[in-house]
Structures are given as C-alpha cells and as structure tokens.
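Using the sequences plus the hints, can you model the full thing?
Line by line, the protein sequences give chains G and X.
Numbering-wise, numbering that gives the first Met the number 0 puts 69 at position 70 of the first sequence, and it's gapless, one number per residue.
Numbering-wise, numbering that gives the first Met the number 0 puts 140 at position 141 of the second sequence, and it's gapless, one number per residue.
Derived by calculation from the structure, the hints in this document are not laboratory data.
Misleading hints may appear alongside valid ones.
[Claimed, not checked] Straight line, CA to CA, 27 Å or less: simulated DSS-like cross-link-like pairs of lysine-lysine:
1) G:249 <-> X:191
2) X:191 <-> G:34
3) G:101 <-> X:191
4) G:161 <-> X:292
Predicted, not measured: the structure shown is a model, and the values here were computed from it.
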Amino acid sequence: MAVALVASLSALSVVSGGEAFAAPSGKIPRLANGKPDFSGIWQTTSAADYDLEPHSARRDGTQPVPSGPGVVEGGEIPYLPNALEQKKKNFAERERADPRNKCYTLSVPRSVYYPEPFQIFQRARDLTIHHQFGHSVRTVHTNNTEHPADPNDWWLGDSRGKWEGDTLVVDVKHFNDQTWLDRAGNYHSDALHVVERWKYLDPNTVEYKATIEDKNVFSRPWDISVILHRHREKNFQLVENYCFTLDYDKYYPVPVEQ
Amino acid sequence: MNTIVNFRSLRIPALVAALFIAAPVVASAAEEPLPKFQREKTVFKVDEGKWKGPHLPDGQPDVQGAWSNTIGNHSDLTQSGSYTERNRREGEAPARQVVRAPSRISDPADGKVPFQPWAREKADEFAKHLLDPTKPEYIEPLARCAPAGPSKSFMWHGFDIRQYKDYVVFLFDSGTRVIHLDNKPHLHQKVKLWNGDSRGHWEGNTLVVDVANNNGKGRFGRSGEFFSENAKITERYVFDSDRQKFLYHATYDDPTVFTRPFTITIPIRRVENFAHDNWNNILFPAKHAGKEKILERYEQICTENNGGHGNGGVR
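In structure tokens, the structure reads:
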C-alpha cells in the first residue's frame, strides 16, 4: 500500500517535474523506504566494452570485433593532445596491455558495461554491486556519508550515492591509474571522477549514464549512456569467475592416487 | 599519484604481516579507545534452538555486520590444545607447557583429519614444502589470491555478512560467497568452483547451507589439509541471539580423501565494538555530518596487488 502510494506520487511528480524524472513504464520495484530497488542481475547488450567510440569492424589479434556506433554522447572522447598519443599507444598494444586480460578489477564505469552479468543487492544504507567477472565487489553508500579523506587509490573507487527523485546519482572518485575504460585502450589517470546516474526505464530495464572527468587526460567532462537489462532466465544466478586463477588452475587439486 | 601505502594494499604475506607489523588503532582522540579483539584459547558454546533476536522483514534472523574468528588462523588446522615450549638457547628458563586453542576439528574427538594414508602423505608433503615450493603445486592457492573456499575463509581476516530477501552474502578478504535461500537447484555437477555453490535455509537460530560444486583446489591451511571435488559439505552457522557470536560448523563427507566424515568448528565474534586492527576488525569510521558512529568496509583487493609468496620470493 505504502509502496503503491509512493509510486503514484512519483508518477504525479513527473507531470510537474518534466523530462528530468521521466516516468518509467510499469511499476518499478521499491524498497520499504520508497526508493527504487535495483536488486537483481543485470547486463548490457551494448558493444561498449569493445570500444566506447564509434568504430568499424576489425580484428583484435585473432578475434573479430564487431563494428559499433559507440556510446559516447557526441561521438568522440575529448582527449588532451598528449593523452591522445598515449591512447594510440594503448590501442596498438591492446591485446597485451588491456588489464582485463589479467582479470584485474575493471574499475567504474567499465565494470558496468563489461559483457558479464552483475548482481545488485540493495539495502536502505547501501547497494552491493557484485560482478561475475573477477568476482569484484563494490559498495555504493546511500546513507549520507561522504568520501573518506584523500589519499586513497582504489580499483573501483569510492562510491557515494544520493537520490534525485527516482534516479540514483553516484559520485565515484579515489581511483588508481591502473585500469582502462574499454578494450580499445581508452584510459584515465588517478584523477578520474565519475558521476553515475541509474534510472529505471521499466521494471526490467535500467538506463545507466556516466559523466567522466579527468583533468589529466580529457579536455572536458564527457558522457556515456548504455541500457542494462534484467536477467529473467529461470534459476539464473551469477557463477563465480575468479578468472585470475586460470593461469595456475592446472596445479590443483591434489592428484588422487588410488 | 597519491597513494596510501599500507600493508593491506601491498599484500605482504599475511603471516609476516601479523607477526611483525603493529597495526594502527583508529579511534578519535575524544573517544575512549576500544578494547583490542582478543584471540581465545577455548571454543564457546552456542546451542541450536530458537532465535530470540530481531528479525529482518523477510523473517530471517538479523545477523548482519562484521565478524571474525577467535581462535587459530589459517596456518595450522589441527594444532594440539597444548604443547611444550622449546627454549631458544640452553640454560634459559625451563620448558613450560603452553595452552592454546584446540584443533579446528571437533569431530573426531582426537582433532585429526581422518585422512586416507595416501592423502595424509600428500598433506604432509605440501606442509614440508610450504616455504620451499620446488613445484608449483606446493604454492598455497591463497598466497596466489585464489578464494579460500568454504571453511578456510572463516580462518582468515574479518568478514562482512549482508542479508537480503532470498540471500545471505559473505564478503571475505579473498572472495565473496552468495548463499541462495530460494530453493533453486544447484548448478550442474560439471561446474566446479573455488567457493562452491551454496543453498541455505534457516532452522531457528541456525543457517544450514549445502555446498556443492566444489573444485577441491583450496587448502584448509598452510598445514596442507585438503579435500577433493567430490566433497559434500554441510555448514551449520549457529548464531547466539545476543548477536555477538556464532559457531561455524562444517561437515565434510568425501570418501575420495577421508576414511569417515569429519567436522570443523570455528568460533566467531562480532568485531564492531573492538579496535580496528587491520586483521579481525578491518572497518573504518565513515565521514558524515551526524554524531552516530558509522563503520564501513573499504575495498579488498588481492591479485591486483599481490607481491608473490614469501614477500616476492616466489612468483
């Protein structure tokens, strides 16, 4: 009852609030406190991880890469001149140098559009985002706490969320400079600052937007947008993928000698 | 680049870190310092029965928070309850009997793993080569950042329990475990996992978990004990209604390696009311405008920062 009331109130606010809080079609799941409940298993169908920018089909080594329209609003990433040179070097060495190949934690926002599922567990105080790839885990705090004092350099950064209507806005900073943004060598420094916007389009679809800012690498902030789909297959679950163990997997378990 | 250099981010092998690095105690000057989390020499009792503490809206006992084991560690699974101290030099004080925590094996009563003879030899061989790993299989998987597996994760750093409708989630130092409470079937037996595939349900104060799909690649400890991918593991987490402690029991049924089923028991206490020590309590105070004390867990990373076993001696 309370949930239904909140839902209809937020639908009302759409009428007056305009485009910023565009109404999702269908009744979206909500927590007991009325906030949207993003619990579930999600994945993008976009080709963002191949290359955030528009690109033609190509080969990465033996692997064919499909062409893609890109997910960067306006098309290209606004690199500073020196940073563009570094990006080109990364592209040339992408098969060897992409940290993904070591199964290292992917950072934000790449962990969100990487083509493996992730599960959100949500409470009023936080969201726990659990990724199948590398089994990385990130906590998004939604309890009015602030970023801890610098310096901290983390793989997934430090995530503090707040609600703007039904949109979860997450401020992420305190990154290291060890991760890439995609397989094409797009990259960032430890000055990376990401503002994410998570919003339901309907009960099984989330629009994910991120503004990416890094004064050492980009001339201005830029935006990406992808759609996340809810996994609804029967009995679907994440299956652990600690893929960094693959290199030494073969030495275990103890051989059975009987 | 601004980087906090602390030993957690460097991943100095844990044993070395625990022995030689005194962790800073985080407490504001105005506050009374919190007591240090104490290792214990005995196993407290918690009986299975009714849950008298608070429930979550979905009916689960609310046991969320940060926890840590109180006895032993991952170095030695079956250490005896007492031993005669050896003197370093002749002529010093006479040897004395030292009492310490008992073996983690609660059944059988002798505290020993009921290995088949070939398996005992394999465990001993591993222990002998732990610091001299002449073959890759002598390197402890956890030293390579592999997840510790169903039981060893509880003999390691402090961990978080978070609960949701249909799930109990454990955030360990190395890896995460999701316990499914919704009766979905296990994964196909061909799927083998470091932390297995867990199905659980609550019986009063006890979370009962059936762990299948184990890959049998982990070790119980640096003492070398192991199980195979054929193991059937049943865990019983018995929570005290005071929400300050619980007993972890895990029964291993694995005729490939053992002569009979055996049970591991690990006592675990809540750590929020103890001082941050970077081992049992790894929480930090959150920054916020209010007066309330909010503790939070920072990112735990392993393989990305791993320096190799023996502080870089073995890659």
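Tested hints:
{"no.": "1", "hint": "G:249 <-> X:191", "in the structure": "13 Å, holds"}
{"no.": "2", "hint": "X:191 <-> G:34", "in the structure": "38 Å, violated"}
{"no.": "3", "hint": "G:101 <-> X:191", "in the structure": "21 Å, holds"}
{"no.": "4", "hint": "G:161 <-> X:292", "in the structure": "20 Å, holds"}
In terms of the numbered hints stated before, the structure departs from hint 2 and from no other.
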